[in-house]
Structure formats: structure tokens, C-alpha cells
Amino acid sequence: MPTISRTVRTDAGLASELRVGVMRLRRRLIAERDPDNPLSSGAMAVLGVLYRGGDATVGALAAAERVQPPSMTRTVNALAEGGYVERRPHPDDGRQVVVRLTGPGRATVLADRARRDAWLARRLAELPAEERELLRRAAPILDRLASHD
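Just so we're aligned, residue 37 is where the sequence shown starts under this note's numbering, counting upward by one.
Certain hints may be false.
Unchecked claim - Distance ranges between label pairs, derived from CB positions:
| # | residue 1 | residue 2 | range |
| --- | --- | --- | --- |
| 1 | E166 | G139 | 38 to 46 Å |
| 2 | D47 | R124 | 27 to 35 Å |
| 3 | S107 | L65 | 20 to 28 Å |
| 4 | R168 | R60 | 17 to 25 Å |
| 5 | T46 | A174 | 12 to 20 Å |
| 6 | T109 | T46 | 23 to 31 Å |
| 7 | P71 | L160 | 44 to 52 Å |
| 8 | R60 | R149 | 15 to 23 Å |
| 9 | G119 | E166 | 43 to 51 Å |
| 10 | R88 | R60 | 23 to 31 Å |
| 11 | R123 | L170 | 41 to 49 Å |
These aren't lab readings, by the way, just hints derived from the structure by calculation.
This structure is a prediction, so every number in the text was calculated from the model and none was measured.
Even for Gly, the Cβ is constructed at its ideal location relative to N, Cα and C.
Modelling step: build the complete structure from the supplied sequences, incorporating the hints.
Here's what the structure looks like:
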């Protein structure tokens with residue numbers, strides 16, 4: 037099992053080590069995207085939100101991705117032009133639209149996830165069993181940290 041570095045012994049040190057490690061992993065996972073996928077990371081994130089949560093308004097998507105609604109409108113417009121999402125009138129509020137993932141949008145999300153999950157699974161298989169178990173226990177904690185406002 038890996039030894040604990042001096043900096044990780046404090047909460048501030050742990051925060052720093054986690055930040056660096058998570059950011060490096062994020063960059064690597066982005067690099068593992070299909071080079072033929074024309075969508076930006078931001079556009080893929082929107083497709084992911086729709087895949088996980090279902091139909092959403094532009095405002096809800098903007099809030100989920102922490103961007104301004106006009107910026108999300110541009111992203112949704114580009115995704116709609118590409119056939120990845122479709123817009124329809126909101127059933128209760130005529131001022132809003134609901135964004136829905138299309139079949140090609142769903143296929144794009146699933147292909148992207150499969151490619152990056154396969155890379156990560158190969159890397160995890162290289163780790164000793166006890167480190168994989170530690171990561172298995174840490175994964176829900178990392179998710180909770182990322183979800184907390």
C-alpha cells in the first residue's frame with residue numbers, strides 16, 4: 037500500500053494533493069476522448085447531464101454546468117443543429133423550451149463513456165487489489181465532494 041506523503045497528513049495538504057491528482061486524471065480522461073468526436077468538452081458535458089437526468093430546460097442545464105443561460109443557449113443551439121438534442125416547448129411555461137437527448141446524442145455519450153471507461157479500467161487493472169479496493173471506497177466520497185455546493 038502506498039505511503040502517505042508529508043503534505044497529505046494535514047487537511048490542507050490532502051486538499052492540495054487531491055486537487056492535483058483529480059485535475060491530472062480529468063485532463064487524461066479528456067485526452068482519451070475519440071479524436072473524431074467534433075464536440076467540445078462543454079457540449080459533451082451537456083449531453084451527459086441530459087443522459088443522466090433526462091429532459092431539462094436551458095436554465096436547468098446552465099445551472100448544472102455553472103454557466104450563464106445565454107452561453108448554454110448557444111451550446112444547445114449547436115447541439116440541436118448537429119442533431120444531438122431537440123428542443124420542444126415547455127408544457128407549462130411558454131417562455132421556456134425543454135431540451136431532449138436524441139438517439140445520435142445518446143449514442144455519442146455512450147461511445148464517449150465506453151472509450152474513456154475502457155482506458156480507466158485498463159489503468160485500474162494495473163494497480164494492486166488493495167489500491168483498487170481503496171479507490172472503490174473513495175469513489176462515492178469523491179462524487180459527494182464534487183456534488184456539494
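Against the structure, the hints come out as follows:
1. E166 to G139: 38 to 46 Å: holds (42 Å)
2. D47 to R124: 27 to 35 Å: violated (47 Å)
3. S107 to L65: 20 to 28 Å: holds (23 Å)
4. R168 to R60: 17 to 25 Å: Given a distance of about 19 Å, which is inside 17 to 25 Å, the answer is holds.
5. T46 to A174: 12 to 20 Å: Cβ of T46 to Cβ of A174: about 18 Å, so the range 12 to 20 Å holds.
6. T109 to T46: 23 to 31 Å: violated (44 Å)
7. P71 to L160: 44 to 52 Å: Given a distance of about 23 Å, which is not inside 44 to 52 Å, the answer is violated.
8. R60 to R149: 15 to 23 Å: holds (20 Å)
9. G119 to E166: 43 to 51 Å: holds (46 Å)
10. R88 to R60: 23 to 31 Å: Check passed, 24 Å falls within 23 to 31 Å.
11. R123 to L170: 41 to 49 Å: Between R123 and L170, where Cβ atoms are some 44 Å apart, the hint holds.
Checked against the numbered hints above, the structure violates hints 2, 6 and 7; every other hint is satisfied.
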